[in-house]
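Novice: Residue numbers (the numbering used here), protein chains in the order written: chain A, 13 to 407; chain B, 5 to 411; chain C, 13 to 232.
It is worth saying that the hints were derived from the structure and are not from the lab. Since we're looking at a predicted model, the values are computed, not measured. The reader is advised that the hints may include incorrect statements.
Which chain A residues stay away from chain B? Per the calculated CB distances, all over 12 Å, these [as the list claims (entries may be wrong)]: (1) 48; (2) 161; (3) 189; (4) 196; (5) 363; (6) 378.
Taking lysine-lysine pairs in the DSBU-like style, the calculated list, with each CA pair at most 30 Å apart, reads [as the list claims (entries may be wrong)]: (7) 57(B) - 230(B); (8) 186(A) - 226(A); (9) 19(A) - 128(C); (10) 173(C) - 128(C); (11) 128(C) - 25(A); (12) 84(A) - 209(B); (13) 131(A) - 226(A); (14) 172(B) - 115(B); (15) 115(B) - 98(A); (16) 21(B) - 11(B); (17) 209(B) - 98(A); (18) 278(A) - 115(B); (19) 124(A) - 186(A); (20) 21(B) - 25(A); (21) 171(C) - 132(C); (22) 84(A) - 98(A); (23) 19(A) - 132(C); (24) 226(A) - 98(A); (25) 21(B) - 27(C); (26) 209(B) - 91(B); (27) 25(A) - 132(C); (28) 209(B) - 226(A); (29) 91(B) - 228(B); (30) 171(C) - 19(A); (31) 115(B) - 240(A); (32) 91(B) - 230(B); (33) 91(B) - 57(B); (34) 186(A) - 131(A); (35) 171(C) - 218(C).
All residues carry an ideal CB built from backbone N, CA and C; glycine is no exception.
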Amino acid sequence: MTRHLLKLLWNRKRMNALIVAEICCSFLVLFSVGAGLVYIANNVRQPIGFTHQNVWNVAIGMGQESDDEFTKQQLGDFERALREAKSIPFVEYAGGSMTPPFSIGGSNGNWKLNGRYVKLSFDDVTDGFRDVLGLELLEGRWFEPSDDAQSWRPVVVDRDAARTLFPDGSAVGKSIPVSDTLEHRIVGVVREYRKNGELAGNDNFVLMRVNFVKANTRPPRNILVKVKPGTTAADEQALLARLRAVVPEWSFELRTLEQLRAQQRKLQLLPIVIGSIIAGFLVLMVTLGLTGVMWQNVTRRTREIGLRRALGATGSDVHRQILVEILIVASFGLALGIALVLQVPVLGIIDIPAAVLVPAIVLAILAILGLVALCGLYPSLLASRVEPAEALHYE
Amino acid sequence: MLTNYLKLAIKVLLRRKFFTFVSFFGVCFTLTVLIVATAMLDHEFSAHYPELKLDRMVGVHRARMSGPTNSRDAAAGYRVIERTVRKLEGAERITVFQLHEQVAAYQDGRKLTLWLKHADGEFWRVFDFDFVEGAPYSQVDEERAGFVAVINESTRRALFGGASALGKSIEVDGQRFRITGVVRDVPFTRIRPFSDVWVPISTMKSASYREEMIGSFMAVVLAKQKGDIPALRRQFDELVRAMPLPDPVRFTRYETALETPFESLARTMELPSPNALRGIFLLFAVLFMTLPAINLVNLNLSRILERSSEIGVRRAFGATRATLIGQFVVENVVLTLIGGVLALGLSAITLSLINGSGLIPYAQFTINFRIFLWGFVIALAFGLFSGVYPAWRMSRMSPVNALKGNA
Amino acid sequence: MIELSNVTKTYRTDKIETLALQNLNLSVGAGELVAVMGPSGCGKSTLLNLVGLLDSPSSGHISLEGERVNGQGDRYLSRLRNEKLGFIFQSFHLVSDLRVVDNVEIPLLYRAMSSKERRKAALEALERVGLSSRTGHFPGQLSGGQQQRVAIARAIVGKPKILLADEPTGNLDSQMGDEVMSILESLNDEGSTVVMVTHDARLAQKTDRVVRLFDGRQVD
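Just chain A, with the same shape it has in the complex (with noise of 0.2 Å):
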């Protein structure tokens, strides 16, 4: 039976070919739809590994666009302001940090190492950023003010990065070659750090210590402070007054890193959100039109149904035929659309994780196949129906 079907099928391979291409771009839709919601998912359920209650975060402008461009005079303004924030009474900690928690950037790059690419994301933090988020310290220590006289650099790296660099033990000890010129090396791991909050990827980060006696050291352009609950707008403006005061010619900004949060999760959500919507009505608009075209096919077909049930086809092996013929069309747009979609991979334009592909292609092969079968629902029944003695007399 399925080889007849398959003859006929092919037969009409003009039509078949335009419903299969329908199919194949729908696959191709739902599959981007679905990558992006299983990513998403996927980071969901993993923790970001510090918390965000109670902390706020000052920006400064120090005049200078770019962050490259500093002078030991701004170091040394950074650090008076942030001892500054540190002596305010309602302050528990104050760190400093050059891309905090839900900001927008960041620094992170590939690096060659033993031989393979690995993806690093950068912070510049001082000694009391740990205790602002809360940071959880597996292996190793912290950084500590004997730091300042080491010849190298200290680091702190999160989990996956110590898995991604030193797969085979521990990463303590060990010295990442980041920098051609100084050494950079881990002294500890924190359970996990995922700067850009729960929605998004998990990235291997390396925390490199600001180091206030170093002349060419980087100043970082924000003080992150973890204020007691129940503070007030008042008090905002009490921190940004004293933190002026201390350097009059920067410029402070203060949002609390829940306002960052929900600013960057808006940003995240945003283009999933418009994508479905715009997938959700391009799918309605294939399954009205699959039905349409199923329809008028079925229409088109009465002899020819009204004909197999005079030879001795039941209702429901009709039924059947119809729903087997479009899935066998489905199928061949399927096979075209996963082929494309594996191109990505094997092609390298975006690294997509296999966690995501594959459930991403099951969900959109799942979707396409309900969609099919839905739009198969009505016509196939009207085939069903067919009074033979009726559409045989028809001409």
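Mind docking chains B and C on chain A? Use the hints.
Specialist: This is chains B and C only, laid out in the frame that chain A set:
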């Protein structure tokens, strides 16, 4: 002939209502997405409040200073603007302003996050702001570093409720400014004039900006007439080339240009020309239209097969292939144009939803005549895109088979 | 072989009730060749539909080979149509998108049969109607007479005992019609029961018995 086609088209549409509904659904949805996208691009790049004289404006938006090992890529520094744009001859007006930045303002213990832009006095004469009350500050305020500010309506509402803001003061980023005027809100899409609060450049906390080569400044040159722009660009390029670089060892090249925002975007994306960017937009539109077009072609083909005996009779009574193609293409174009009109309505609703959502600050997306025309062109293109193949198939039907009904 | 007793068929639309057959009694013996004649609308086609189990009577009984068939479910009737009956139509009703041999195989698709056996049976049936050279053609590439011979091959491929022909020569010229008729006659000689609706008195003469219908009743 055309009226006959039209009458026929309407009749066919009314005959199979489900098909007509599905076709319209697809057409409306597709065109709505494209019209909304077009409207957003139009509001980004065409003349809208307060950039009404856009055709006479060119600006410096981005700059790059590079050397053997270093490269810095951002907006231009004030020093560069002083030495190039300010020296241009023959322009009607020149304004210099900073990129908007987010700052905190405190009012009666409440905190507001506002956008702040430092701009010179000429800013108010290059851009056509609508003043709700008061007046702009002037170039004199700029020269004397007067602590004066212009705010927008939304900020006035947030700060003072419905009351007048004139003469009152506002504390922004630790500095206190006297408000001289209130303007109608400027949408975020107008990157150059956009802000909540505008204050003179000379009130900046530190004067170090005056020495920057790369920084956060932009400039807009208003030409006396459109035709002057090429000459202004040549003059500008000459001035940039002649400008000495402060650290010739680290930095050997300075690249910037006097251009429109669209040209700037193309250059930022490292495209060879603004036309390549237009090409990319077009490609996206065509890619987006593919699935809806296949869907419509499928429906159209089904419809044709249904009408095969009609086609057979027409062919038998002497209709040429060309006539049939014409008939069908007109039918399809009528369908997409009607869909286009509906889509314009839906787009207006969608745009007002986007405006109201606050996703883009002070968005004022609307359907204007230009977008109406674009919508017409898109609908026509979609109609042809999805109508030609079915029409060709229809014309290729043999009249004999068509009459037998087995196409 | 075929027994109709007291069969009445009425068609109902919203308001109008049309009487198509009234108290018809008919018995066709095994191996008979029967022609059904009468003017348009006399109920010929209704009769054939009832015998062909495509339709069920409003009252009365129909039996095939002594088995009462009316009132049975779709599955049972479909199986009977498939195994016991072969249909030939005025307008051939070939599936235009299938090659000749695939068209002939259709009835066998609804039986448990391997594709090899199906193909063999279809080729035999086509040889029987003299179309062995046309098995790979599409119906559109054949003449009317050839198409009807394909339809006959399809009707006999499942080796049914009864052939039902609805104006089998109605769309053919007399020479082609005669060809088709002679095939039916020889099938009848080999033991098939044939019931044929026709307008053509000349063809009717070649049958064993003529049933004449007028206005839903048998007239002689």
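Novice: Next, verify each hint and record whether it holds.
Specialist: Hints, one by one, checked against the model:
Listed as outside the interface, residue 48(A) is consistent with that label: its C-beta sits roughly 17 Å from the nearest C-beta of chain B, beyond the 12 Å cut-off. Every C-beta of chain B lies more than 12 Å from that of residue 161(A), the closest at about 30 Å, which supports listing it as non-interface. No Cβ of chain B comes within 12 Å of the Cβ of residue 189(A); the nearest lies about 19 Å off, and the non-interface call holds. Every beta carbon of chain B lies more than 12 Å from that of residue 196(A), the smallest distance being close to 20 Å; the non-interface claim holds.
A cut-off of 12 Å between C-beta atoms confirms that residue 363(A) is not in contact with chain B; the least separation is 22 Å. No beta-carbon of chain B comes within 12 Å of the beta-carbon of residue 378(A); the shortest separation is about 19 Å. A C-alpha spacing of about 10 Å is found between residue 57(B) and residue 230(B), which places the hinted pair at or below 30 Å, so the restraint holds. For a cut-off of 30 Å, the pair hint linking residue 186(A) to residue 226(A) stands: about 22 Å separates their Cα positions.
As the CA atoms of residue 19(A) and residue 128(C) are separated by approximately 16 Å, the hinted pair is consistent with the 30 Å bound. For the suggested pair residue 173(C) and residue 128(C), the alpha carbons sit about 23 Å apart, so the restraint of at most 30 Å is met. Between residue 128(C) and residue 25(A), the direct Cα distance comes to roughly 25 Å. Compliance with the 30 Å bound is thereby established for this hinted pair. Annotation: proposed proximity of residue 84(A) to residue 209(B) holds, straight-line Cα distance about 19 Å (limit 30 Å).
Using a Cα cut-off of 30 Å, the hinted pair residue 131(A) and residue 226(A) holds, with the two alpha carbons roughly 28 Å apart. For the hint pairing residue 172(B) with residue 115(B), the CA-to-CA distance comes to about 17 Å; that is within 30 Å, so the pair holds. For the hint pairing residue 115(B) with residue 98(A), the CA-to-CA distance comes to about 22 Å; that is within 30 Å, so the pair holds. A C-alpha spacing of about 16 Å is found between residue 21(B) and residue 11(B), which places the hinted pair at or below 30 Å, so the restraint holds.
For the hint linking residue 209(B) to residue 98(A), the alpha-carbon distance of about 25 Å falls within 30 Å, and the restraint holds. A C-alpha spacing of about 21 Å is found between residue 278(A) and residue 115(B), which places the hinted pair at or below 30 Å, so the restraint holds. For a cut-off of 30 Å, the pair hint linking residue 124(A) to residue 186(A) stands: about 15 Å separates their Cα positions. For the proposed pair residue 21(B) and residue 25(A), the alpha carbon gap of about 27 Å is at most 30 Å, so the pair holds.
Taking the CA atoms of residue 171(C) and residue 132(C), the gap is about 13 Å. The hint holds against a cut of 30 Å. A threshold of 30 Å between alpha carbons decides the hint, and for residue 84(A) with residue 98(A) the separation of about 22 Å falls inside it, so the pair holds. Between residue 19(A) and residue 132(C), the direct Cα distance comes to roughly 18 Å. Compliance with the 30 Å bound is thereby established for this hinted pair. A C-alpha spacing of about 22 Å is found between residue 226(A) and residue 98(A), which places the hinted pair at or below 30 Å, so the restraint holds.
Between residue 21(B) and residue 27(C) the alpha-carbon distance is near 27 Å, which keeps this suggested pair within the 30 Å criterion. For the proposed pair residue 209(B) and residue 91(B), the alpha carbon gap of about 26 Å is at most 30 Å, so the pair holds. Proximity of residue 25(A) to residue 132(C) is assessed by CA-CA distance (about 27 Å); at most 30 Å being required, the pair is judged to hold. Simply put, residue 209(B) and residue 226(A) have alpha-carbon atoms about 28 Å apart, close enough for the 30 Å limit, and the pair holds.
A C-alpha spacing of about 16 Å is found between residue 91(B) and residue 228(B), which places the hinted pair at or below 30 Å, so the restraint holds. In summary, the hint linking residue 171(C) to residue 19(A) is supported, as the alpha carbons are separated by about 25 Å, within the 30 Å threshold. For the suggested pair residue 115(B) and residue 240(A), the alpha carbons sit about 19 Å apart, so the restraint of at most 30 Å is met. Note on residue 91(B) and residue 230(B): the hinted pairing holds, with a Cα-Cα distance of about 19 Å set against a maximum of 30 Å.
Taken as a hint, the residue 91(B) and residue 57(B) pair is honoured in the structure, with Cα atoms around 22 Å apart against an allowance of 30 Å. Between the alpha carbons of residue 186(A) and residue 131(A) the distance comes to roughly 18 Å, so the proposed pair stays at or under 30 Å and holds. Distance restraint check for residue 171(C) and residue 218(C): the Cα-Cα separation of roughly 23 Å lies within the 30 Å cut-off, and the hinted pair is therefore satisfied.
The structure shown violates none of the earlier numbered hints.
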